[in-house]
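Quick note, the sequences are listed as chains W and B, same order.
The first sequence begins at 0 in numbering that gives the first Met the number 0 and counts up by one.
The second sequence begins at 0 in numbering that gives the first Met the number 0 and counts up by one.
Note that these hints are calculated values from the structure, not bench results.
One or more hints might be untrue.
[What the hints assert, rightly or not] In silico DSS-like cross-links for lysine-lysine, where the CA-CA straight-line distance does not exceed 30 Å:
1) W/K124 - B/K182
2) W/K233 - B/K28
3) W/K418 - W/K41
[Said to hold, decoys possible] Selected chain W positions facing chain B (Cβ under 10 Å, derived; list incomplete):
4) F373
5) S377
6) P475
7) E477
For glycine and all other residues, C-beta sits at the position ideal for the given N, C-alpha and C.
The lines below spell out each chain.
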Amino acid sequence: MRKILIAGMPGVGKSTLFRAFVEKDISCVNYAGTSVPVSRGKVKIDGVETELIDIPGTYGLTHHYENELVARRILVEEKPDVILQVADTKNLKRMLAFTGQLAEFDIPLVLVLNMVDEADQKGLKVKRHILEEKLATRVVETIATDGVGISALHDAVAKARVPQFPVRFPPALAEAIKVLSELIPAEIPAKNALAALCLSDEESTSEQAMETCRFTGDSFVEAQQKKTRLSFHKPIDRVLSTAREACADRLFADSTYQIPVRTTALIEKIGDLAREPFTGMLILFALLTALYYIVGQFAAGVIVDFMVKDFFGTILGPHVDSVVALIPYAFIREMITGKYGLYPLGLVPSFGLVLPIIVAFYLTFGFIEDSGYFSRLSILLDRLFNKIGLNGKAMLPIILGFSCVSMATIATRVLETKKERFIAIFLLSLGVPCSAKLSVILVVLAHVSIGAFMTVCLTIFSIMIMAGVILSRIMPSETSQFIMEVPPIRIPSIRNVLKQTYRRSMHFVKEATPLFFVGAISLFTLDKVGFLLFLEHAMSPLIKGFLGLPEQFAEALIMGFLRGEAGIAILKQLVDSGAMNTPQLVVALLVTLMSIPCVTNFMLILKDLGAKSAIAIIVTVSTCAILTGGAMNHTLKFFNIVF
Amino acid sequence: MNTVDITAEVLEAIWTFEEVGSCTVDNLKRRLNPEYVLDDALLSELERSGYVTIHNQQIGLTEKGIDNARPIIRRHRLAERLLTDILGMTPEETEESACEYEHVLAPGLTEAICTLLGHPRECPHGSAIPEGECCKRADVSIQSAVKTLSGMEVGDTVRISYIRSDDHVIINKLFSLGISSGKTIKLRQKFPTYVLQIDNSQVALEKNVAGCICGLKI
Numbered sequence: 000m001r002k003i004l005i006a007g008m009p010g011v012g013k014s015t016l017f018r019a020f021v022e023k024d025i026s027c028v029n030y031a032g033t034s035v036p037v038s039r040g041k042v043k044i045d046g047v048e049t050e051l052i053d054i055p056g057t058y059g060l061t062h063h064y065e066n067e068l069v070a071r072r073i074l075v076e077e078k079p080d081v082i083l084q085v086a087d088t089k090n091l092k093r094m095l096a097f098t099g100q101l102a103e104f105d106i107p108l109v110l111v112l113n114m115v116d117e118a119d120q121k122g123l124k125v126k127r128h129i130l131e132e133k134l135a136t137r138v139v140e141t142i143a144t145d146g147v148g149i150s151a152l153h154d155a156v157a158k159a160r161v162p163q164f165p166v167r168f169p170p171a172l173a174e175a176i177k178v179l180s181e182l183i184p185a186e187i188p189a190k191n192a193l194a195a196l197c198l199s200d201e202e203s204t205s206e207q208a209m210e211t212c213r214f215t216g217d218s219f220v221e222a223q224q225k226k227t228r229l230s231f232h233k234p235i236d237r238v239l240s241t242a243r244e245a246c247a248d249r250l251f252a253d254s255t256y257q258i259p260v261r262t263t264a265l266i267e268k269i270g271d272l273a274r275e276p277f278t279g280m281l282i283l284f285a286l287l288t289a290l291y292y293i294v295g296q297f298a299a300g301v302i303v304d305f306m307v308k309d310f311f312g313t314i315l316g317p318h319v320d321s322v323v324a325l326i327p328y329a330f331i332r333e334m335i336t337g338k339y340g341l342y343p344l345g346l347v348p349s350f351g352l353v354l355p356i357i358v359a360f361y362l363t364f365g366f367i368e369d370s371g372y373f374s375r376l377s378i379l380l381d382r383l384f385n386k387i388g389l390n391g392k393a394m395l396p397i398i399l400g401f402s403c404v405s406m407a408t409i410a411t412r413v414l415e416t417k418k419e420r421f422i423a424i425f426l427l428s429l430g431v432p433c434s435a436k437l438s439v440i441l442v443v444l445a446h447v448s449i450g451a452f453m454t455v456c457l458t459i460f461s462i463m464i465m466a467g468v469i470l471s472r473i474m475p476s477e478t479s480q481f482i483m484e485v486p487p488i489r490i491p492s493i494r495n496v497l498k499q500t501y502r503r504s505m506h507f508v509k510e511a512t513p514l515f516f517v518g519a520i521s522l523f524t525l526d527k528v529g530f531l532l533f534l535e536h537a538m539s540p541l542i543k544g545f546l547g548l549p550e551q552f553a554e555a556l557i558m559g560f561l562r563g564e565a566g567i568a569i570l571k572q573l574v575d576s577g578a579m580n581t582p583q584l585v586v587a588l589l590v591t592l593m594s595i596p597c598v599t600n601f602m603l604i605l606k607d608l609g610a611k612s613a614i615a616i617i618v619t620v621s622t623c624a625i626l627t628g629g630a631m632n633h634t635l636k637f638f639n640i641v642f
Numbered sequence: 000m001n002t003v004d005i006t007a008e009v010l011e012a013i014w015t016f017e018e019v020g021s022c023t024v025d026n027l028k029r030r031l032n033p034e035y036v037l038d039d040a041l042l043s044e045l046e047r048s049g050y051v052t053i054h055n056q057q058i059g060l061t062e063k064g065i066d067n068a069r070p071i072i073r074r075h076r077l078a079e080r081l082l083t084d085i086l087g088m089t090p091e092e093t094e095e096s097a098c099e100y101e102h103v104l105a106p107g108l109t110e111a112i113c114t115l116l117g118h119p120r121e122c123p124h125g126s127a128i129p130e131g132e133c134c135k136r137a138d139v140s141i142q143s144a145v146k147t148l149s150g151m152e153v154g155d156t157v158r159i160s161y162i163r164s165d166d167h168v169i170i171n172k173l174f175s176l177g178i179s180s181g182k183t184i185k186l187r188q189k190f191p192t193y194v195l196q197i198d199n200s201q202v203a204l205e206k207n208v209a210g211c212i213c214g215l216k217i
């Protein structure tokens, strides 16, 4: 079986790439005798069974830290067939110096230029072909968080070569490495790398390398080691890395160019104001208002009305009906256009209701995202995030949650501690509505009072804050420091925004719309066998008694588990048909929004945090949802609030 | 050169060897000859006075030797910091002058320099500076010239002297963003979070991290 090692510095997106790449069998166990977690997974590349190995990031390979020890041992002992070096493109120069170090191991390598979008934001462009030519191996651009470039990576693996890295070590050092490498027994690989490690100033590193090369106790080697160390005033590791950095600098200069960031003095000024406390809040408020009018009023009102009432209703509806009428079986006719049919529950809500709104949302969101605004928001809200056990770095995953909670769950991988990830994922499942959910909420709420809208928003918001504060108190504290590079603020590139919107919308069409149809079929089947009625009766004490909702709410919950927004679309039907009044709608929205995350997200949490944490999150979140809904129901009744 | 000075040089050399491993008589002679005449007679004299112990060519400092070497090392390394941080010399250029300073600085003056520099923990070459009484008291009675970023104002241009942190994750992260000793940065914002301008890029960091960055306002 082929083995691929994913290597790179911390924070370059190795694990995200690993998860985007791997298909099955993920195991994560500590490397023998250490506390370093090593993930392994399997994937078929060009029909070849391949094992992927993911190790924690390392800044180098010579230090005594456990991470680097494990990296060295895997490189030498497990002899991977290919190294995927994941690099943060915007810091390519430093990444290339690491390539130089990896090249010494004589293993074919693919250089993965990850986060090309962020480098692009800084105006850094890589001439990929030149870099490939210079390194004599494959270079692939990716955005691992969005799954971009993964298929190109599949192709590159088979074509990987040992990289050319023309580093010039000082003669005395080059000579010493040559002498030592020639003494290493033939069957041991990576001779140059090991010879350099034998000379390392870190005692534990050189001892380990000496042992691997069976040099321990060899007086000639020890004399060489001593002689070399004494002939340089600086530590040997420093001399080696300086030489590699010089070579990396040349490569970098030859293969990249900088284009000026598109910006103006005014925009830069706004960028500065956006991170100051007072003006920042004003700008945030202005953006939210704009977002509300574009998405909530224009898309959710005007466009959706047209799509649902006119396009799917009066224009397409009669044609569908006449075509369906030709089908001789009543059962099939009902399956398509009946109460739980594919047309009213599958096609219309997904394409008529959700799609137009999320396209509008992705467009607006994309503009703000591409401008570099969100980093300013991280700065602005860092301190507030501290209160809920997170820091400004968590801003992006949470914001992304409004786009797609599953995508955001993946993005929490940028958070450094387990505690932060747990809190962020919990809050995402608890209350952050993804754009699809948000879209239906906006449509549903467009017809009710602003008071009801605010009640739903504020309740969810305060519960999220409370949950964050409680979690940050009860979880053992692991702190990570907020250090973040702030990309320049710039005029958004229309091309980028359109590309991103297209990608995200297609993702929705591919991933989500089938689930609408699955949901419709499930409800149809459950209804036909009579189970739906049974379920509604069984859940009646909870739904009718405690939550004060009509029994059909169970249908929303079933659909909601497949896709949150499909569940809310059912609420819309209930409201439209007069089965639910406004206070009931508020309760129903709270429960559906907060309860179950959709299937995709549940699977992700399971994969990321393990069964124990995943179940803990689901149970807590669902209980929380029911209790909040019940409390809201009784409060509204007690004060006789009808909005 | 009188005996006292040679003693000081020998003790200092042994200290630096012991920081990275152990010290043999050969290494010691190579380091000090021919500038100083280090013969066996002098070594046995030092052993008799209780500064060092010698076993099988291995030479080590005794308690008394350590107590005598510590202030010398401290003065030498503080002098190096003073010359690089305040006077802008490169670490390589400082060596000769630092050797002079280590013999002439009076105890009070040493403390003043240490306070002025903000009680640094490492010399420009990365070796530890032994702690003095003033560090334990964390004196700020003289206005420190080298301050952490929390002591600077928005708009200040700062040359970073050193990063004071034991956490290699923080040091590495800062280094990877181009924040390391010798670099010049501009403080753009302090609240709610610190924002620094370094070359063409901006970096945001929280207060705790800003407190690790020590520099000189220029």
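The hints, checked one at a time:
1. W/K124 - B/K182: holds (25 Å)
2. W/K233 - B/K28: Holds, at about 20 Å.
3. W/K418 - W/K41: Cα-Cα ~28 Å, so holds.
4. F373: With Cβ-Cβ at 12 Å, over 10 Å, it is violated.
5. S377: With a minimum Cβ separation of about 7 Å from chain B (threshold 10 Å), the hint on W/S377 holds.
6. P475: Check failed: Cβ of W/P475 comes no nearer than 18 Å to chain B, outside 10 Å.
7. E477: violated (12 Å)
Of the hints listed earlier, those the structure fails to meet are numbers 4, 6 and 7, in rising order.
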